[in-house]
Amino acid sequence: MEILKVEKLCKVYGTGEARVEALKHVSFSMQKGEFGAVVGVSGSGKSTLLNCIGGLDEADSGKVFLNGRNIFEMGENERTIFRRQNIGFIFQSFHLIPELTVEQNIIFPLLLDYRKPDQNRVEEILKVLGLANRRKHLPGQLSGGQQQRVAIGRALITRPALVLADEPTGNLDSQSSRDVMELLCKASRYYQQTVLMITHNMNLTVSADRVFCVADGELTELVSPSHAKDSGLSESQDGELAGFESQGGQDKEPAGIDGREKGGAAE
Amino acid sequence: MKHYLDLIKISAKQHRKQNRMTRLCIVLAVALVSTIFGMADMEMRSQMIQAVRSDGSWHAGFVMEEEQGELLKERPEVEHTARYGVLNYRLSDGYQIEGVETVICGFDKEFLEMFPAAEMTEGELPRTRDEAVLNESAKTRLKVQVGSTIELLIPQGEAKRYHITGIVKDTALEAEHDAFGMFLNMEEFSFLRSMEDGPNQEELFYVQFRPFCNIQKAIREISIQFGLKPEQVRQNAKVLMLMFQSRDPYLMQFYCVAAILAVLVMLAGIFMITASMNTNIARRTEFFGMMRCLGATRKQVVRFVRREAASWCRTAIPAGAAAGIVVVWMLCWMLRFLSPGLFEGLPVFGVSFPGIAAGIAVGFSTVLLAARSPAKKAAKVSPLTAVSGNAGTIQAVKRAAHTRIFKVDTALGIHHASGSKKNFFLVAGSFAFSIILFLSFSTAIDFMHQAITPLRPSAPDISIYREDTANQIPAELAGQIEGYPGVKRAFGRGYAEFTDAESGRKISVISYDEQQFRWAKKSLIEGDLEDAISGKGVLSVYREGSMRTAGSRTQIFIDGKSRELSVAGILGDVPYMYSSKNTGDAMETMICPEEIFRELTGETGYTVLDVQLQKDASDAQVQAIRKAMEQACGHSVSFSDKRIGNREARGASYSMSVFLYGFLAVIAMIAFFNIINCISMSVSARMREYGAMRAIGMTVRQVVRMVFGETMTYTAFGVFCGCAAGLPLNKMLFESLVTSRWGEAWNLPGWEILVIVAVMLCSVCLSVMGPAKRIKKMTVVDTITRE
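Chains as they are written, first to last, in this note's numbering: chain A, 1 to 267; chain B, 268 to 1054.
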């Protein structure tokens, strides 16, 4: 069952000499329960693609159908409500609400709908995320890995058709990264949710069903994760893509904050 | 960049918008303080002009002998002395020029400097014993000029001749009593005085002390030196009060109230600046953490914050002081515009140095003091904070929002407001202070209403009256005078006394024309004015213990015959009360239309004819009225020119109203801007968080509701605390200003609370509108990826 369909998506930034074509006629589709990974060097247009699919950014042309509805045909308010009910977002720097506890953060999209959360579902998610004993903690009292798990819980609580993850492991150590990837796979396999994830770390694409590569605004689908290596995107020792500039360095959690080794780089 | 502090300039360029808000806050606080102090200063100057105009610029007057006066001059604290003596002050001692009672004054030339109201309009002072100066009304009525000779009849029966050497302006008292004033040199005056033996004929030495001298102490010393009794010492109360030199217990209380208000104004300024600085620094925790991370010591961070605060002062304080000056100019302009004659002494572009000094002192010291705690806070930021993604926000939160009681957006808004206790108390405190200030200053309005009686709309400029209350002024004269140029209105009142059939007491009955009835509408307690106007009944003036009610009937005796009158209504009070000639007690008064009055008395004339003049009426036009009066009534009536007194009363009332309502307007305006600025700053500080919420699926409306929730939390707490602290203060100030003097009991200032709360609620609505626009325009992607 086709969940996501992207048709000839174009996005241009700037004018004249500063003009950058971030997306050039990007088209692809994804089925229910598929796990897709998008790779590409820094500035290639990965995040722009994700933001356009999620309705956070407007495309210059093209269409994005989610569950058969073109999100660009919706008004701002309608799109926002559609987004919180049908799309789950996971950001590199978590973006948790600092004033809300773990549990409140997870049920936040439901609260925005003024809906009463299903307590069984909340318990299940807290259990799956391993946060049951931290439910009353504030984000400031959690490690980076735990914060990202909360963000994943928040993205999954509404059972969205699509989960968009922008470098979800970018700020995490390797153990936390593995945990996060496990959870995303679980979302895709167990809950049959379509997941589209941006990453620099080629090792993480191993779990993906499909791998897309964005280069100079153009999207190509790689046959398998190993194909990515052949397409000219070299891999460093710990799986990072070489040649990108680290932009997220300053947001990164310092080594050993929760007693673990530092993880992948951030975009 | 040569020094790490050069980063301040670079950072200022980057954060121009946020810094602009902090600057604006400093500007507002400084403007508030310098405006209020500047206005108070201008009000004092304006009151001083009024006081000097009506009472003179002398500080103290001593009744003493000439030799003592010579010694007085030699005292070091005495700047000027002027001898002044007056004879026939009560216009009943028999000093007459052409049959008109004349006040005889003797004075030194310094006296004119101390009494600007007695300004010479032509000629010069009398030098020899046979020279005299007359007042203007004497000049006009006697048709004399400088150089003419007049004859003064003194009580001892002698007629003395004087050459007129000059003319002085009328004083308010002379004009009102239509008296002649004659001014002699001290030698001649002393001679006339020596012929008197009455106790009222005294000679005063007016004194102006040197600046910065302790006047009360000087007066005490002078009294001891010359053995003066308290009744021999006069003080110019108004002038001394305005110089903060009075020791009158009531005025001491007044000074105390002024000091409390001054402290409140300063505290309001301090609150505003501290709140804004706190928000500004708290928002940049990450930046300071980064500085620490790069190797800046705590001391260096503190220095950085302080220097940055000082750099804001450089532009914000002069701007605030300038704004204060401009507001004061506007108020002064308004006063000069409203009453050009009275306030010409006020400078057009007057600068109040005490106001500016207060503004600068509050601004500069508060900014530096307020920078202390954020600076320390900034210095304490761990370098770790800078490198974690959620610096500045996540670390600050200590407890979770209550999403069970309120909807999540409102709950977050409330939490944003109350999350940081310090910030909450500062912002809500600054809101509360606006209310406290407003409630405190509003007592000054109550004081004004009691202290300065504004002129009633019926107040005449000229009164023509019969001292014997006979209704002999022809009614046609009113119509005739009304047709004269410069006359706005002329209206008369008849007067009669009847006996109440029930109690046997005398009742005074006054006739009103329709216009006077209309003016009385405000005082109508019960009944129908129209019934009185149409002649269906009379109006009774309320007296304690009186049983009369609207609709009741009363019997009166007129010339032995009984007559029934219907009471159409009850008036609270009337401007005219007559006392019983026998007992001196105020009589019961009834007002009836002219028709009934004529029917009752059979008389068609008036006992009083009041004239209201146009603003630009000239003295010649007033003289024309007098002429008409003299033609119609001869010398049987008196003429009272109340223009000077009216102008003085109007001036004092104008100036105080403009300044006091000005204070309130400034406070309301500051409350308004403070709320808008606080909310704008808070929203700017949380823009990134709002972006994240928008990304997760919060609609613009929900974000706006969140901001509204935050604003309302500050406001509700501010209003609660403001009322809780402001009402007792209002009561205390009211009791010391009003109750202690006039006995009026304190009431809950409902209107005042309503006005300031309405201003605050309007500000809340407006304060949310700006951020709402910004949130609507915000691009989610840019916001969450920025910084």
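Just so you know, these hints were derived from the structure itself, not from any lab. None of the values given here were measured: they were computed from a predicted structure. There could be a bad hint or two in this list.
Unchecked claim - Pairs of lysine-lysine, BS3-like flavour, derived with a Cα cap of 25 Å:
hint, chain 1, residue 1, chain 2, residue 2
1, A, K63, B, K1043
2, A, K136, A, K32
3, B, K909, B, K755
4, A, K136, B, K755
5, A, K136, B, K688
6, A, K136, B, K665
7, A, K116, B, K803
Each hint tested on the structure:
| no. | hint | verdict |
| --- | --- | --- |
| 1 | K63/A to K1043/B | holds (23 Å) |
| 2 | K136/A to K32/A | violated (34 Å) |
| 3 | K909/B to K755/B | holds (15 Å) |
| 4 | K136/A to K755/B | violated (80 Å) |
| 5 | K136/A to K688/B | holds (21 Å) |
| 6 | K136/A to K665/B | holds (12 Å) |
| 7 | K116/A to K803/B | violated (74 Å) |
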